[in-house]
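Residue numbers (my numbering): 118 to 412.
Think of the hints as simulated: they come from the structure by calculation, not from any bench.
There's no promise every hint is true.
[What the hints assert, rightly or not] Computed list of lysine to aspartate or glutamate pairs in EDC-like fashion (alpha-carbon distance at most 20 Å, straight line):
hint : residue 1 : residue 2
1    : K250      : E391
2    : K210      : E175
3    : K164      : E175
4    : K308      : E232
5    : K172      : E232
6    : K149      : E180
7    : K308      : E396
8    : K185      : E158
9    : K308      : E277
10   : K250      : E260
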Amino acid sequence: MSQAPDNTSLPFIFDATDATFQQLVIENSFHKPVLVDFWAEWCAPCKALMPLLAKITEGYQGELLLAKVNCDVEQQVVAQFGIRSLPTVVLFKDGQPVDGFAGAQPESAIRAMLEPHVQMPAAPVAAPLEQAKALFAESRFSEAEALLQVLLGEDNSNAEALILYARCLAERGELGEAQVVLDAVKTDEHKAALAGAKAQLTFLRQATTLPEAAELKSRLAQNPQDDEAAYQLCIQQLARQQYEAALDGLLKLFQRNRGYENGLAQKALLQVFELLGNEHPLVGVYRRKLSAAMF
Numbered sequence: 118m119s120q121a122p123d124n125t126s127l128p129f130i131f132d133a134t135d136a137t138f139q140q141l142v143i144e145n146s147f148h149k150p151v152l153v154d155f156w157a158e159w160c161a162p163c164k165a166l167m168p169l170l171a172k173i174t175e176g177y178q179g180e181l182l183l184a185k186v187n188c189d190v191e192q193q194v195v196a197q198f199g200i201r202s203l204p205t206v207v208l209f210k211d212g213q214p215v216d217g218f219a220g221a222q223p224e225s226a227i228r229a230m231l232e233p234h235v236q237m238p239a240a241p242v243a244a245p246l247e248q249a250k251a252l253f254a255e256s257r258f259s260e261a262e263a264l265l266q267v268l269l270g271e272d273n274s275n276a277e278a279l280i281l282y283a284r285c286l287a288e289r290g291e292l293g294e295a296q297v298v299l300d301a302v303k304t305d306e307h308k309a310a311l312a313g314a315k316a317q318l319t320f321l322r323q324a325t326t327l328p329e330a331a332e333l334k335s336r337l338a339q340n341p342q343d344d345e346a347a348y349q350l351c352i353q354q355l356a357r358q359q360y361e362a363a364l365d366g367l368l369k370l371f372q373r374n375r376g377y378e379n380g381l382a383q384k385a386l387l388q389v390f391e392l393l394g395n396e397h398p399l400v401g402v403y404r405r406k407l408s409a410a411m412f
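Let the sequences and hints guide you as you build the complete structure.
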């Protein structure tokens, strides 16, 4: 395929001139569809449209080419294709114009015009660890665990995979096995994730020794000031990944009785922050609320 001129930022977005149009547009269009943007410096809609066309073209990752023709300069091409208004955009395929439009258009209309003619690039296959993270986030723990087992079979020193594997084990009640896996993590590289996994394990262990959530809710209905029931309900909620309800309950307990069991509510809140990680939206919200409650 012909190459774009050297003054381009991307190989699939380039300027075309009277001299290069045959090579860069017509010849290239036998290999990939070429979108030609006829524009001029004085044309405000042209300048608004150009970045949108570039964005769409970049999304096709090389399956679509974008040629820009300055109509004030390239008079021969303008006359050849009878361009009468700007902006005008023409799609070339197999050496011929096959579709196009005149005037500014919304992104949806441009994509609809391109769809029959341009093949979208295949979505990249995520790495096994990234796939496992996505599955875990969707609570598809057994599928995530299966992927991680394969990954760890190839490299059993992958700390990030070990930590996530331990969390999968913990979610299905294999708390002892999860602890063994976490103990095998010897690096400090993923300290926050390790702390989060250990916090999860702590909450799940605690939950196994506590009354059921329904019983705790009944106690609180009879006595809303029952701090023990309030705290234990939060732990049960954490074990079931009901994070917002648990954070809310812990914060209210801290506000009502910050000294409960030597600051247990605050300690639990900090453990949940470690469990969820700083990127989780709830963490930012409840860090601020905790800070406001403290001062």
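**Prompt:** Does the structure break any of the earlier hints, and which numbers would those be?
**Reply:** The structure conflicts with hint 4 only, although it agrees with all the remaining ones.
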